[in-house]
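Asker: Take the sequence shown: its letters are residues 278 to 443, numbered as in this note's numbering.
To be clear, the hints were calculated from the coordinates, so they are not data collected in a lab. Honestly, I wouldn't trust all of these hints.
[Stated by the list, open to error] When the alpha-carbon atoms are kept at most 30 Å apart in a straight line, the in silico DSSO-like pairs for lysine-lysine are as follows:
hint: 1; residue 1: Lys405; residue 2: Lys417
hint: 2; residue 1: Lys439; residue 2: Lys291
hint: 3; residue 1: Lys342; residue 2: Lys417
hint: 4; residue 1: Lys441; residue 2: Lys405
[What the hints assert, rightly or not] Just the calculated beta-carbon pair ranges, DEER-fashion:
hint: 5; residue 1: Glu282; residue 2: Lys342; range: 27 to 33 Å
hint: 6; residue 1: Asp394; residue 2: Ile317; range: 22 to 28 Å
hint: 7; residue 1: Ala334; residue 2: Asn401; range: 31 to 37 Å
hint: 8; residue 1: Asn349; residue 2: Arg418; range: 18 to 24 Å
hint: 9; residue 1: Thr284; residue 2: Pro419; range: 35 to 41 Å
hint: 10; residue 1: Pro326; residue 2: Ser298; range: 15 to 21 Å
Each residue gets a CB set at the ideal place from its N, CA and C atoms; glycine is no exception.
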Amino acid sequence: MKNHEMTWDEYFMKVAKIVASKTHCYSRKLGAVLVKGKTIISTGYNGPPMGVPHCEARHPEGKRKCPRRYFNIPHGEGMHMCPAGHAERNALIFAARNGIATEGTTIYCYCGVPCKDCAIEIINAGVKEVVCLSLEEYDKRPEAIKSKYLFDEAGVKVRVFKGKLD
Numbered sequence: 278m279k280n281h282e283m284t285w286d287e288y289f290m291k292v293a294k295i296v297a298s299k300t301h302c303y304s305r306k307l308g309a310v311l312v313k314g315k316t317i318i319s320t321g322y323n324g325p326p327m328g329v330p331h332c333e334a335r336h337p338e339g340k341r342k343c344p345r346r347y348f349n350i351p352h353g354e355g356m357h358m359c360p361a362g363h364a365e366r367n368a369l370i371f372a373a374r375n376g377i378a379t380e381g382t383t384i385y386c387y388c389g390v391p392c393k394d395c396a397i398e399i400i401n402a403g404v405k406e407v408v409c410l411s412l413e414e415y416d417k418r419p420e421a422i423k424s425k426y427l428f429d430e431a432g433v434k435v436r437v438f439k440g441k442l443d
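With these hints in hand, go ahead and build the complete structure from the sequences.
Answerer: What follows is the structure, encoded as structure tokens:
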């Protein structure tokens with residue numbers, strides 16, 4: 278059996294997976310890596326802003342569990358109770374915080390298609406390509422504006438990661 282030589286796509290998505298593992302979110306572990314050429318310029322994972330307590334500090338019983346899950350709120354609902362920013366947004370913000378231009382970059386998302394709000398920020402940041410694990414939309418309501426539509430209209434390429442992650 279031949280050894281598998283890792284592609285750049287595999288490398289960047291593996292880094293996104295590792296970054297995702299650093300989140301303190303008990304609901305979902307998501308990560309993003311912003312790349313220019315073959316250089317990582319920023320990373321982000323989902324979580325509260327710097328200096329804001331994580332979920333266990335706000336949990337009614339101090340448990341390491343998402344407070345929304347504690348109250349049996351369905352996935353994607355009750356977001357007004359969540360102080361976390363999304364991984365994609367955080368990768369863009371950390372690039373900006375460090376004065377790094379994002380025009381013409383690629384973002385690797387250890388998740389499905391970024392949500393509508395992250396899609397808007399990705400488009401406005403000048404990202405040219407989004408690589409994600411699936412084309413599953415974050416908001417499944419039929420009346421919702423879909424991220425894929427926004428990306429298509431803005432000319433941002435979206436593709437599904439096809440490599441190996443193990």
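Asker: Now tell me, hint by hint, if it's right for this structure.
Answerer: These are the hints, each one checked on the structure:
| no. | hint | in the structure |
| --- | --- | --- |
| 1 | Lys405 / Lys417 | 24 Å, holds |
| 2 | Lys439 / Lys291 | 12 Å, holds |
| 3 | Lys342 / Lys417 | 25 Å, holds |
| 4 | Lys441 / Lys405 | 23 Å, holds |
| 5 | Glu282 / Lys342: 27 to 33 Å | 41 Å, violated |
| 6 | Asp394 / Ile317: 22 to 28 Å | 23 Å, holds |
| 7 | Ala334 / Asn401: 31 to 37 Å | 32 Å, holds |
| 8 | Asn349 / Arg418: 18 to 24 Å | 20 Å, holds |
| 9 | Thr284 / Pro419: 35 to 41 Å | 36 Å, holds |
| 10 | Pro326 / Ser298: 15 to 21 Å | 20 Å, holds |
Checked against the numbered hints listed earlier, the structure breaks hint 5 alone; every other hint is satisfied.
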